[in-house]
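Enquirer: In case you want the letters, here they are:
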Amino acid sequence: MLGCLPALLAFGAEPFVSVEPARNPFAGDALVLPAGQPSVQPGEGAGLVIATCSQCHSLDYITTQPPLTRAQWTAGVEKMRARFGASVSSNQVPILTEYLTRAYGAPAKSP
Amino acid sequence: MNRPGSNARNDGALTRRQFLAWSGAAAAAWPALRGADASTTTLPFANGTRPLVKYPQKRPLIRLTARPPQLETPFSVFNESLLTPNDAFFVRYHLTNAPPPPELLQPDRFRLGVGGKVTTPLSLSVAELIAKFESVETVAVLQCSGNSRGFFEPRVAGGQLGHGAMGCARWKGVRLADVLKAAGLKPEATQILFNGLDTPALPATPDFVKTLEPDLALSPELLLAYEMNGEPLPWLNGFPLRLVIPGYYGTYWIKQVSEITAIDGEFKGFWMNPGYRIPDDPCAAIAPGTTPKRTVPISRLNVRSFITSPAAGTAIRTGTETRVRGIAFDDGHGIREVLFSDDGGRRWQAAELGTSLGNYAFREWTIPWTPSRAGTVTLMARATNRLGQSQPMEPLWNPSGYMRNCVEPVEVNVT
Chain A
1 MLGCLPALLA
11 FGAEPFVSVE
21 PARNPFAGDA
31 LVLPAGQPSV
41 QPGEGAGLVI
51 ATCSQCHSLD
61 YITTQPPLTR
71 AQWTAGVEKM
81 RARFGASVSS
91 NQVPILTEYL
101 TRAYGAPAKS
111 P
Chain B
1 MNRPGSNARN
11 DGALTRRQFL
21 AWSGAAAAAW
31 PALRGADAST
41 TTLPFANGTR
51 PLVKYPQKRP
61 LIRLTARPPQ
71 LETPFSVFNE
81 SLLTPNDAFF
91 VRYHLTNAPP
101 PPELLQPDRF
111 RLGVGGKVTT
121 PLSLSVAELI
131 AKFESVETVA
141 VLQCSGNSRG
151 FFEPRVAGGQ
161 LGHGAMGCAR
171 WKGVRLADVL
181 KAAGLKPEAT
191 QILFNGLDTP
201 ALPATPDFVK
211 TLEPDLALSP
221 ELLLAYEMNG
231 EPLPWLNGFP
241 LRLVIPGYYG
251 TYWIKQVSEI
261 TAIDGEFKGF
271 WMNPGYRIPD
281 DPCAAIAPGT
291 TPKRTVPISR
301 LNVRSFITSP
311 AAGTAIRTGT
321 ETRVRGIAFD
331 DGHGIREVLF
341 SDDGGRRWQA
351 AELGTSLGNY
361 AFREWTIPWT
371 PSRAGTVTLM
381 ARATNRLGQS
391 QPMEPLWNPS
401 GYMRNCVEPV
411 EVNVT
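Residue numbers (the numbering used here), protein chains in the order written: chain A, 1 to 111; chain B, 1 to 415.
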């Protein structure tokens, strides 16, 4: 299944890795960050998540998480609110955690 | 065939199958991604697909998050050179307004302030720092506390990194101790605070401030570095000035460091407590899924080693001698020995250590190897430092996903 087999067979040819890194060909780049921000899956509550959760960081903070349990997502939303000052009202908490558990959740572990 | 713990096999080149898989599934997961990233890579754990994105002064790197930028080094880079190239070095910021805008970093604008419980407060440009204090160089590993967090089982929230949030560089700078002595720490100073120019979006979010004990801050090994591998620091790695604390996790290596403040008493900021804490236990570990009774701030690196060649999934012929190689490092005691196994850890053989670039650096190791039987073969490396500290065979666990250092098996296909 590895289409690149012949090239890989040559891996042992150089006995030692070089010490010095290659020169940096990008040193002259303009200091502008790339555009393009990931979004979240559509669904009920997605709009609220986009509005609430992209204020301080991009939404890939959410989309790159492993499947988390409802308890973990609830703790996460609480951390954003209590520790970092996200403005989330108490009636928004269940909407956010419901969406996050449905879209990015893991089944709760049986005890 | 990539079991958890093996290195990401596919960094860079996509196979046709992976490309087809990505163009369907992952494209749907990244609907709003403009600027059409040419490729992705998949780290070997659930939800491990990431875009490869080019940032200023960087080659395309594995992007964990866009704002603030968090970029991971493709694992194959660690097989290219012992010093990690600046354009491949990982990037980790915490707060929204990071990296700080270039206007704030201009030579005539950027200043380092030293104040608080000192006899002579200082305000210095980088040029003044260089003119006033002796410059020295050190080769040291910088590793994120959460490097390899994606391999934790059960999984934990946080940056889902493979093994690429580490790197080794030659840092050049002035000694932090010399600057603190010039400012004159008052006897009542109990902690030294370090702050950089990154700022949060909302005032309610705690600023990223870290503290060191005076004893550590006055150690001659700590640098205020302005160069990395013979070039000015890249913007995303702290230009024009960052803290270098050999042997300590990256969380303390403040980038764009602009404020040093000596205080009496104990600093209570979020990023020291409850942030970046580990279970108060010699192995920083507790039973998976439980909560630690007591925690302490994360501090020194533990012992790690990696096989950098062959990459996981490589096909190798029986009877052909090849050379297995990799890297090992610890918190500065120095690597004494690296053992290698080709049978899943039953028998071990000593590898040959390469030239030392210093006790804080990546240490190369190599061993000739001739596979004798066909099939899936599990290769392992296990390092021991001069204190006798080594690596556990099985992963340890803590709730923040810090300090993974177990033996990382690499499976290859012997034909």
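Treat the hints with care, as some may be off.
Unchecked claim - Derived pair list, reagent style SDA-like, types lysine to any residue, alpha-carbon separation capped at 20 angstroms:
#: 1; chain 1: A; residue 1: K79; chain 2: B; residue 2: T199
#: 2; chain 1: A; residue 1: K79; chain 2: B; residue 2: K132
#: 3; chain 1: A; residue 1: K79; chain 2: B; residue 2: E221
#: 4; chain 1: B; residue 1: K132; chain 2: B; residue 2: E221
#: 5; chain 1: A; residue 1: K79; chain 2: B; residue 2: S299
#: 6; chain 1: B; residue 1: K268; chain 2: B; residue 2: S299
Note that these hints are calculated values from the structure, not bench results.
As the structure is a prediction and not an experimental result, all values here were calculated from the model.
Enquirer: All the hints need checking, so say for each whether the structure fits it.
Expert: Results for each hint:
Distance check on the hinted pair: K79(A) and T199(B) sit about 19 angstroms apart at the alpha-carbon level, within 20 angstroms; holds. Taking the CA atoms of K79(A) and K132(B), the gap is about 44 angstroms. The hint is violated against a cut of 20 angstroms. For the hint pairing K79(A) with E221(B), the CA-to-CA distance comes to about 36 angstroms; that exceeds 20 angstroms, so the pair is violated. Simply put, K132(B) and E221(B) have alpha-carbon atoms about 18 angstroms apart, close enough for the 20 angstroms limit, and the pair holds.
Simply put, K79(A) and S299(B) have alpha-carbon atoms about 23 angstroms apart, too far for the 20 angstroms limit, and the pair is violated. A C-alpha spacing of about 17 angstroms is found between K268(B) and S299(B), which places the hinted pair at or below 20 angstroms, so the restraint holds.
Taken one by one, the earlier hints fail for this structure at numbers 2, 3, 5, listed in ascending order.
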